[in-house]
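S.K.: Residues per chain are reported as follows:
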Amino acid sequence: GEDVEQSLFLSVREGDSSVINCTYTDSSSTYLYWYKQEPGAGLQLLTYIFSNMDMKQDQRLTVLLNKKDKHLSLRIADTQTGDSAIYFCAADTGRRALTFGSGTRLQVQP
Amino acid sequence: ETGVTQTPRHLVMGMTNKKSLKCEQHLGHNAMYWYKQSAKKPLELMFVYSLEERVENNSVPSRFSPECPNSSHLFLHLHTLQPEDSALYLCASSQDGTGGTDTQYFGPGTRLTVL
Numbered sequence: 245g246e247d248v249e250q251s252l253f254l255s256v257r258e259g260d261s262s263v264i265n266c267t268y269t270d271s272s273s274t275y276l277y278w279y280k281q282e283p284g285a286g287l288q289l290l291t292y293i294f295s296n297m298d299m300k301q302d303q304r305l306t307v308l309l310n311k312k313d314k315h316l317s318l319r320i321a322d323t324q325t326g327d328s329a330i331y332f333c334a335a336d337t338g339r340r341a342l343t344f345g346s347g348t349r350l351q352v353q354p
Numbered sequence: 108e109t110g111v112t113q114t115p116r117h118l119v120m121g122m123t124n125k126k127s128l129k130c131e132q133h134l135g136h137n138a139m140y141w142y143k144q145s146a147k148k149p150l151e152l153m154f155v156y157s158l159e160e161r162v163e164n165n166s167v168p169s170r171f172s173p174e175c176p177n178s179s180h181l182f183l184h185l186h187t188l189q190p191e192d193s194a195l196y197l198c199a200s201s202q203d204g205t206g207g208t209d210t211q212y213f214g215p216g217t218r219l220t221v222l
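Residue numbers (the working numbering), protein chains in the order written: chain A, 245 to 354; chain B, 108 to 222.
These are computed hints drawn from the structure, not numbers from a lab. Computed from a prediction, not measured in an experiment: that's the story for all the values here. Take the hints with a grain of salt, since some may be wrong.
So the derived label-pair ranges between C-beta atoms look like this [unchecked claim]:
| # | chain 1 | residue 1 | chain 2 | residue 2 | range |
| --- | --- | --- | --- | --- | --- |
| 1 | A | LEU305 | B | THR123 | 46 to 54 Å |
| 2 | A | GLN301 | B | ARG170 | 43 to 51 Å |
| 3 | B | HIS180 | A | SER255 | 38 to 46 Å |
| 4 | A | GLY326 | B | PRO190 | 33 to 41 Å |
| 5 | A | PHE294 | B | GLY135 | 21 to 29 Å |
Where is the CB? At the ideal position from N, CA and C, for every residue including glycine.
Turn these sequences into a full structure, and let the hints steer you where they fit.
M.R.: Below, the structure is given as structure tokens:
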């Protein structure tokens, strides 16, 4: 089955760019997602990318997809303290469900 | 603002208790999901319902029993749980449960502690 992996922790300074990385194993995944989870809250969909795209930009968020290496990244420009959260990468396995990574905790220092 | 609500937000129960988690979606969706989020594992899918019919059961122990009486409500009935079942239980809904661009919207979760 699909396996999705992420690094566990990232710390950046306010105003810097953050890059969160993710790798997946199932090359047939058609959609890849980034979710954000703030303390005490559920998951909020940030963005997703279709597998035939290399890049998608949405305001401060840029998603890069390297399908050959099965590598996905989320870049947050001008990171703010409000961006501190856990970020989950997820892959659509076509089974009506998503396979999630373990999440990357982003800490933004003032 | 999330259109998926879950109650209770926190629950503490003994191993011999019976309790139920409730999820309600106000988005007019046809599919609903239960996920388990524990400290040591990635988010795990438990059950999927589409048009009130269970379409996915991800090898979940029988001490977890889902119920979907209509497309807006989803329950998870709990009985004789184990301490390792302590986790955050997340409910989600989507338009039709087909994946792809069928975006899943999550509730805030119920934090369950089994003593």
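S.K.: For every hint, state whether the structure bears it out.
M.R.: Status of each hint after checking the structure:
1. For the hinted restraint 46 to 54 Å between LEU305 (chain A) and THR123 (chain B), the CB-CB distance of approximately 47 Å keeps it satisfied.
2. For the pair GLN301 (chain A) and ARG170 (chain B), the supplied restraint of 43 to 51 Å holds, since their beta-carbon distance comes to about 46 Å.
3. Restraint check, HIS180 (chain B) to SER255 (chain A): a C-beta distance of roughly 41 Å satisfies the suggested window 38 to 46 Å.
4. Separated by about 35 Å at the C-beta atoms, GLY326 (chain A) and PRO190 (chain B) satisfy the suggested range of 33 to 41 Å.
5. Separated by about 25 Å at the C-beta atoms, PHE294 (chain A) and GLY135 (chain B) satisfy the suggested range of 21 to 29 Å.
Of the numbered hints listed earlier, not one is contradicted by the structure.
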